[in-house]
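Chains as they are written, first to last, in my numbering: chain Y, 1 to 312; chain G, 1 to 756.
Please note: incorrect hints may appear among the correct ones.
So the derived list for chain G, only partly shown, Cβ under 7 Å to chain Y, looks like this [said to hold, decoys possible]: (1) Phe9; (2) Ser10; (3) Arg142; (4) Val188; (5) His192; (6) Ala196; (7) Pro197; (8) Asp198; (9) Glu245; (10) Gln287; (11) Asn309; (12) Gly315; (13) Gly322; (14) Tyr366.
Chain Y is nowhere near these chain G residues, computed Cβ spacing over 10 Å in every case [as the list claims (entries may be wrong)]: (15) Glu11; (16) Pro136; (17) Asp333.
It is worth saying that the hints were derived from the structure and are not from the lab.
C-beta: ideal position from N, C-alpha, C; glycine also.
What follows is each chain in one-letter form.
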Amino acid sequence: MSEPAHMNPARSFQGLILTLQRYWAEQGCVILQPYDMEVGAGTFHPATTLRALGPKSWRAAYVQPSRRPKDGRYGENPNRLQHYYQFQVILKPNPPNLQELYLGSLKAIGIDTALHDIRFVEDDWESPTLGAWGLGWECWCDGMEVSQFTYFQQVAGFECSPVAGELTYGLERLAMYLQGVESIYDLNFNGLDGVEKVTYGDVFLQAEQEYSRHNFEHADTEMLFRHFRDAEAACRKYLEAGEPKPDANDQRHLMALPAYDQCIKASHMFNLLDARGVISVTERQSYILRVRELAKACGAAWLKTEGGGVAA
Amino acid sequence: MPDLLLELFSEEIPARMQRRAAEDLKKLVTDALVERGFLYEGAKAFATPRRLALHIAGLPVKGQDVREERKGPRVGSPEAAIQGFLKGAGLASIDQAKIESDPKKGEFYVAVIEKPGRSTPDVLAEILPNIVKNFPWPKSMRWGAASREPGSLRWVRPLHSIVCTFGPETEDPEVVRFDVDGIGSGDVTKGHRFLAPDEIRVKRFDDYAPALERAKVVIDTDRRKDMILHDAKDLAFAQGLELVEDEGLLEEVAGLVEWPVVLMGSFDEAFLDIPPEVIRTTIRANQKCFVLRDPATGKLANKFLLTSNLIASDGGKTIVGGNERVVRARLSDANFFWKTDQQVKLEDRLEKLKSIVFHEKLGTQYERVERIAALAKELAPIVGADPELAERAARLAKADLVTEMVGEFPELQGLMGRYYATLQGEHASVAAAIEEHYKPLGPSDRVPTDLVSVAVALADKIDTLVGFWAIDEKPTGSKDPYALRRAALGVIRLALAGHNLKLSDIIWRHFARVREDAAQMQAIAHLAPVAERAVQLSAQGSDLAVKLLAIVREHHQDSLIEATSLEQAFYDYQATSDLLSFFADRLKVYLRDQGARHDLIDAVFALEGQDDLLMIVRRVEALGRFLDTEDGKNLLAGYRRAANILRIEEKKDGRAYNEVPDLQIVNDQGQIEEKILAVALYGEDGSREGARKAIDSEDFEGAMRALSRLRQPVDAFFDKVTVNAEDPALRANRLRLLNSIREATRTVADFSRIEG
């Protein structure tokens with residue numbers, strides 16, 4: 001590739017992202033941008049959750065900033081962040097050579113399989129909040145987990161038909177390995193040197209400190225509880241409003257996506273409340289269940305839309 | 001004889017499932033063959049991360065021919081009957097049938113039907129697809145475009161290809177053709193994913209195994225294990241070190257590689273300040289690597305061994321470097337946990353246990369700790385431990401559950417508590433008990449000997465048992481999700497190490513503690529929504545909320561009072577006796593496993609109020625020894641004679657003779673032997689009193705000796721005295737005397753349960 005040196009995935013964080021995007025674009029994926037809401041993982045993006053449902057083929061790749069309020073460490077832990085990036089790929093149905101395609105992506109970012117020990121180690125994935133599970137592996141490179149590889153079996157409580165293959169790359173960890181640095185904050189973000197060099201710390205350290213304070217100490221719990229309830233109610237309301245009338249000719253659901261946004265929101269509110277430690281262990285399960293019920297209802301609605309396979 | 005080669009080639013099979021899957025494949029295929037009459041000489045199955053393979057040697061080329069004769073109609077029967085016969089026997093014309101005759105029927109047709117045995121490949125092609133489709137994976141999945149259709153093939157991970165050949169050594173074998181959901185069988189496989197990715201055409205097992213070996217695949221798990229172990233030991237030896245062997249890890253690692261290459265990495269020596277168990281657990285759990293120790297000191301070395309799946313072009317330098325990075329990061333984490341955990345004293349962690357639910361009906365870990373502490377303190381004097389130390393140890397025993405280290409590595413629970421307790425200057429017995437209170441974990445696990453450990457270990461287990469009995473979650477059949485049988489066995493083994501526990505009192509009292517916490521949980525669950533609302537409102541300064549909260553608290557009180565009602569006490573009584581009989585059952589199982597006579601166990605258990613496990617066992621042992629003596633055997637014979645006579649006479653008279661015999665009658669009318677027996681039973685030094693006294697002071701040998709003094713008088717009595725005397729009063733009294741013999745033996749055991 002004729003990339004300039006500073007775009008080399010082994011030298012720059014953004015180079016890594018761009019290389020993966022280019023690679024998966026060549027495999028026929030639509031390259032999406034991050035979903036414009038706070039999510040806990042790339043899987044929450046409707047391009048994965050909802051598109052995994054229904055009979056239509058679908059290939060997409062995107063970066064998703066992910067927020068896990070509980071994982072914040074005030075910028076003091078070199079390996080843990082409350083906000084980080086996932087690179088997400090979904091191929092539906094999964095092509096028979098998905099493993100080879102994945103290995104090809106590693107090669108594209110400079111991981112030579114003649115030198116590195118790549119392993120597929122059993123790791124079954126489950127998201128209780130999304131009512132989703134799949135079988136697959138964590139992918140190891142020289143003993144380090146660099147990706148998660150999952151064949152979705154169920155999403156939002158529905159069997160996946162056909163099954164989608166999902167790849168999730170932990171970008172920071174992968175970049176740390178490629179760049180040979182010991183702390184996330186030392187990652188070279190733009191690949192430049194000297195005064196022009198911008199590190200991950202330059203971009204995100206302050207944010208990690210501030211959000212850790214917010215997540216653990218100051219987040220307004222009254223408001224978050226309220227927002228949780230509001231989002232839950234709004235989700236139900238939109239689902240009901242979008243439901244086709246029994247006697248109408250058009251039996252499509254009309255508002256699956258806006259409803260699903262509220263499900264995402266409720267999930268994030270829950271994560272924040274959980275980080276603030278105001279949800280007792282006994283309540284925890286019931287909150288997760290409430291989000292799952294929303295996700296299931298949204299999935300059911302999606303299956304009644306065009307995207308979910310209903311003819312226009 | 002020809003061989004079968006079968007290979008199912010897929011994406012990476014979880015290591016933990018491989019061995020079982022290979023065995024299942026072998027069993028399913030050989031069973032299906034045998035069921036169809038195909039015998040074979042030998043079968044062996046193999047598994048690697050990417051394939052299951054099966055070799056069956058010495059199969060016949062085809063099944064047995066079957067010849068059948070079918071009788072038909074008489075010669076000259078109507079055409080319809082002839083046609084029906086031809087159709088049924090599959091003949092084209094009546095010329096193909098032969099004619100036989102017998103004197104009764106005359107001449108009749110017989111069809112000879114010859115079914116040639118089916119060819120083995122045909123049979124294989126019929127049975128194998130079903131075996132693949134219905135393979136018993138613990139977890140299986142659908143994949144790819146085929147998964148659009150309902151009922152598509154399920155496999156542990158996507159199945160890519162199938163090799164199936166059959167044939168004799170001398171000729172080219174044939175491919176057994178079949179199709180499973182679009183995957184056709186053939187004779188092509190692949191080698192190692194990276195080292196030999198090309199397709200390989202195979203003929204039979206004899207060339208399959210070596211071809212794969214050349215393609216860097218060792219199909220035999222045990223051989224991969226040997227290779228890893230051998231190389232690991234060599235590498236360790238070269239450094240003057242010793243491998244810390246770990247069979248579980250070895251098995252797992254062998255399931256992660258097709259071509260094992262063992263490499264050595266190292267880490268900063270400074271990390272060796274972390275407890276060795278932590279280093280080992282970290283490196284094992286996260287990295288699946290072995291650790292090494294210095295054979296001279298037994299201490300861990302700052303080296304580890306990884307098993308890669310690659311002959312790397314740089315000799316493994318990059319792989320080692322990468323693994324070292326990860327190990328370094330993991331040990332840094334562990335070191336961080338180790339250091340930060342020490343900054344909070346164990347007692348200051350207890351508050352956090354309030355947020356860990358032990359069981360939704362039994363309260364939090366905090367409440368459980370309170371119960372265990374109370375029970376441990378109560379048990380301490382019984383087992384000879386210092387009550388204060390036992391209480392302290394129990395209170396700290398679960399504190400490590402909320403340390404960072406145990407949060408990361410749950411298997412280090414107890415051990416970390418001990419380390420942290422020692423570091424914060426706790427008494428050595430307290431520190432030991434924190435680790436040992438989980439013991440014994442199984443029938444072969446060590447039983448702790450430190451008395452403080454014994455008290456806390458007993459309290460922990462009894463609390464678990466009483467708790468689950470209180471909420472009626474007892475083990476049923478093969479289901480025992482809370483390992484309650486193991487807990488009971490733990491109590492048994494601890495008690496039998498020499499501690500007298502009056503279990504019924506202990507359990508009964510502990511039920512009250514559990515009940516209180518359970519009732520609280522119930523009340524909380526009931527009132528939770530109201531309480532939540534009340535708390536929210538009160539935060540807004542609502543007056544109403546304050547009232548609401550008061551109501552919540554009041555109701556809370558009420559439910560506690562309800563819980564201690566009489567009804568509950570009755571329930572507790574039932575639950576206590578039920579739990580005691582569970583202990584009795586477990587003890588019987590345990591003793592039987594130890595080789596004790598089950599009839600003697602029953603004989604002792606048949607007595608009322610047997611709740612001291614140690615005493616039960618001592619009594620069983622003493623009884624066994626006594627019955628081995630001449631006195632014991634004769635007394636047992638005497639007892640049986642007495643019991644038999646009594647049974648017959650009591651039945652005849654329709655009444656029991658369980659009153660005390662009238663000694664005046666014995667004295668006035670009795671024979672000498674009868675008088676001697678009465679003295680032996682009731683005299684100052686009599687057996688009844690002697691046995692009872694001995695039992696009261698837990699001297700079972702003494703009790704048996706007291707009983708043995710009855711032997712001669714009983715023998716003499718039966719020798720000389722006629723029980724069924726003419727005089728009804730004398731007869732009745734003699735029967736009462738016999739009953740006294742029966743009663744006397746009951747001080748020791750229920751002799752009617754003794755066999756042989």
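Violations among the numbered hints, reported as their numbers in ascending order: Violated hints (numbers, rising): 1, 2, 4, 5, 6, 7, 8, 9, 12, 14, 15 and 17; every other hint is consistent with the structure.
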